[in-house]
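J.: We have chain A already, so just place chain B on it with the hints.
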Amino acid sequence: MERGPSSFGVYNMKLGMWVFLLSEVMFFTGLIGAYIILRFAQPDHFALPGQVLNVPLTALNTFFLICSSVTMVKAFAAIELGDQKGLQRWLLATAIIGMIFVGIQVVEYTVLSHEGFVPIADLYQAHGRQGGHEVLGGPLYGATFYTMTGFHGTHVSIGVACLWFTYFKARRGGYSAANFGGVENMGLYWHFVDLVWIILFTIVYLI
Amino acid sequence: MSTAAAMHEVPAHGAHGHHEEIPFIRKYIFSTDHKIIGIQFLFMSLAFLLLGGLLAMAMRWQLAWPSNAEMPMPGGSLLPETMVNSGIMLPEFYNALVTMHGTIMVFFAIMPLLVGVWANYLIPLQIGAPDMAFPRLNMLSFWMAFTAGILMLASFGVTGGAANAGWTGYTPLSINDVYSGVKTGQQLWALSLTLLGFSSLVGSVNYITTLINMRAPGMTWFRLPLSTWALFITSVLILLAVPVLAGGLIMMFFDQTLGTNFFKPESGGQPLLWQHLFWFFGHPEVYILILPSMGFVSDVIANGSRKPIFGYYAMVWAIIGIGFIGWIVWGHHMFMSGMNPLLGGFFMITTLVIAVPSAIKTFNWMGTLWGGNIRFHAPNLYAISFVALFAIGGLSGIFLAAGPVDIPLHDTYFVVAHIHYVLVGRSLFGIFAAITFWYPKMFGRMMHEGLGKVHWLLTFIFFNTTFFPMHMIGSGGMMRRLYDPTQYPHIAQMQDTNVFITINALLLFAAQLIFAFNFIWSLFKGKKAGTNPWEANSVEWSAPSPPPHGNWGGVQPVVYRGPYEYSSPESEHDFLLQTQPPAGQPVPARH
Chain A
1 MERGPSSFGV
11 YNMKLGMWVF
21 LLSEVMFFTG
31 LIGAYIILRF
41 AQPDHFALPG
51 QVLNVPLTAL
61 NTFFLICSSV
71 TMVKAFAAIE
81 LGDQKGLQRW
91 LLATAIIGMI
101 FVGIQVVEYT
111 VLSHEGFVPI
121 ADLYQAHGRQ
131 GGHEVLGGPL
141 YGATFYTMTG
151 FHGTHVSIGV
161 ACLWFTYFKA
171 RRGGYSAANF
181 GGVENMGLYW
191 HFVDLVWIIL
201 FTIVYLI
Chain B
1 MSTAAAMHEV
11 PAHGAHGHHE
21 EIPFIRKYIF
31 STDHKIIGIQ
41 FLFMSLAFLL
51 LGGLLAMAMR
61 WQLAWPSNAE
71 MPMPGGSLLP
81 ETMVNSGIML
91 PEFYNALVTM
101 HGTIMVFFAI
111 MPLLVGVWAN
121 YLIPLQIGAP
131 DMAFPRLNML
141 SFWMAFTAGI
151 LMLASFGVTG
161 GAANAGWTGY
171 TPLSINDVYS
181 GVKTGQQLWA
191 LSLTLLGFSS
201 LVGSVNYITT
211 LINMRAPGMT
221 WFRLPLSTWA
231 LFITSVLILL
241 AVPVLAGGLI
251 MMFFDQTLGT
261 NFFKPESGGQ
271 PLLWQHLFWF
281 FGHPEVYILI
291 LPSMGFVSDV
301 IANGSRKPIF
311 GYYAMVWAII
321 GIGFIGWIVW
331 GHHMFMSGMN
341 PLLGGFFMIT
351 TLVIAVPSAI
361 KTFNWMGTLW
371 GGNIRFHAPN
381 LYAISFVALF
391 AIGGLSGIFL
401 AAGPVDIPLH
411 DTYFVVAHIH
421 YVLVGRSLFG
431 IFAAITFWYP
441 KMFGRMMHEG
451 LGKVHWLLTF
461 IFFNTTFFPM
471 HMIGSGGMMR
481 RLYDPTQYPH
491 IAQMQDTNVF
501 ITINALLLFA
511 AQLIFAFNFI
521 WSLFKGKKAG
531 TNPWEANSVE
541 WSAPSPPPHG
551 NWGGVQPVVY
561 RGPYEYSSPE
571 SEHDFLLQTQ
581 PPAGQPVPAR
591 H
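If you read the protein sequences in the order shown, they are chains A and B. Counting in this note's numbering, the first sequence runs from 1 upward without gaps. Counting in this note's numbering, the second sequence runs from 1 upward without gaps.
Keep in mind that a hint or two might mislead.
Stated by the list, open to error - Derived DEER-like restraints, expressed as beta-carbon distance ranges:
1) S157/A x W521/B: 51 to 57 Å
2) A161/A x W143/B: 20 to 26 Å
3) P265/B x G50/A: 25 to 31 Å
Hint data in this document are derived by calculation from the structure and do not stem from the laboratory. Note that the structure is a prediction, hence the values are computed from the model and not measured. From the three backbone atoms N, C-alpha and C, an ideal C-beta is built for every residue, glycine too.
Chain A extracted, bound-state conformation (with noise of 0.2 Å):
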């Protein structure tokens, strides 16, 4: 059918993805929203991030997750020339980065669990990591950081899943020079993810 006039000349699946995200932004700011009330009008039921969380270690993980992106766009960069091959080595980039953030991930959440800082606690204590001294948090703090830092690594394990999945697609030929979508809204969703990350590192492990 012939297409009439389009106000942004972006074709429909691209859109979507753009209008998906949106609604997404949204999502984060709610959730982002409800701990920065939370913390700066009870600031005796949170700690400083610094005494609590692995800055350094998450540091580095941010920077994994940018690298990632890099990645990303590599492979976009690689089908848009018709190169193949490129297309699945970047891919396989994006996606193994991705796992190591999430890996990283794990293994933070489960240092924090061992040393007491839990989502979910009716009285508990969350223990710093300076000198040892202990350092007194509220069962806020966790519930606040599990939920926000959670909804965010399930967003990075389905695009990492989706990755895979692109990735499969693309070493069965599925896309090429002249149909490059699929790829292209990959990107897009794990920009996103990733910008959500340098937001949510920023203001709950920086500040």
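T.: For chain B alone, coordinates are given in the frame of chain A:
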């Protein structure tokens, strides 16, 4: 450039195209056709509308004859003893009725009736597209909504009964069963609404993408009918507001089931946070509940007056303005929460400002009717009532917008009157107008006109006699969500009014049976409808009634003009279809 076939040459009952017959289940149950999905939403939400009405009738019975053994609740003997005992309703059940009436009406009746039905049915037809951008996602959206409905209904049957913390679910009442007596019911409430939210979200991604990308050649933005504009802005509101509610509901669910403390004050949480999250969604939600109706009314009134809509551009900008300002007024639901009066002043001003675009629309509807060759067909009667009832619902809103006035009126029946004037008097009348207007397109038959007029008249009368007195008892101090009004002397003296309201409410409910009968009867015995029974202009009236899969049987409609060319000198009739090719020289595009 494809040649535009003359649309009126397409046969009235569309051919099945070149597809083989698909099995019944794929055609009608798990369909990806936007029209079938719209009709599925229609049947589902009409059923919920009926249920919501029944719940209200039970409430009204209790209010008129509180715990009165001489006036036992009809049907009470059918309900378990945890709800109604020896004909007398238990207070806990009353609270559940209040909550579920609100929740079901807002989320499972009005919202799907406005968006799920009409965004799905009308958008592709009005823009000249064969279907939505993502048909399978569309089907998913319906079945998620259906599942959410099942969850909500299931909550009546669990231990503790259905949710009873109000449709606004304020914390900590809604998260602590020590206060509310309801545990599983509240959890199901949160889950169900999260799932429904996701369904709406997925739907709005579809509607927005379709509207932006799939308009027919010649269908520029400012040639869209106002129904489409309203549905577009509504979809944007859903897209941005529902995720915030989802976040809040997820935190609520965690508080209820996992033991987190987002909203529990004893552990540092903040109940007020829930109010902010809920109302940040909640206020755009009420515009979601009214904007589509405003769009339908515009189309019906223009059609009924045989005149172009007065001030089309102003109407579009008013819709956009309402959608935009609606984000910064939510605090007017929270005037009594203890906020800084200066902040309250800010919200008061923004709320008063939003009355301006709404008023512009009202004057434009009146301007459309003025001097028109008015046809008093059933859809137009509902639409004109909408405009009239706007005056009352909107004006009571102005009262409530003023912070100092809201303070004594908050949580009284004055608010209940306001809500119902806008939701029933406007949204629901708009829905009746839309159903009656687009029924022939959907089902290929007209609804019975006489029954429609009787339904309209009785509904209009009993609606006003039911809800207008609520302004009085509200100003007299009757509180909301009250089980027994007679326990307070200042309300007991108004008990006659309560009885009057209940009797009229029962009559209002009974009048709806006429509509239900008309709807079902006309499916089988209604007068067969042609392609354009209302002599209307927008693109859907160039498709067969009902349209086949793909809507125009494979032919791409082309649009030459706007949707309001009634009584145009270019046409020998008093209407001129958007898709009618011009005689002689082509009409130049305006945008």
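J.: With reference to the structure, classify each hint as holding or not holding.
T.: Each hint tested on the structure:
1. S157/A x W521/B: 51 to 57 Å: 53 Å, holds
2. A161/A x W143/B: 20 to 26 Å: 22 Å, holds
3. P265/B x G50/A: 25 to 31 Å: At 28 Å between Cβs, range holds.
Of the numbered hints listed earlier, not one is contradicted by the structure.
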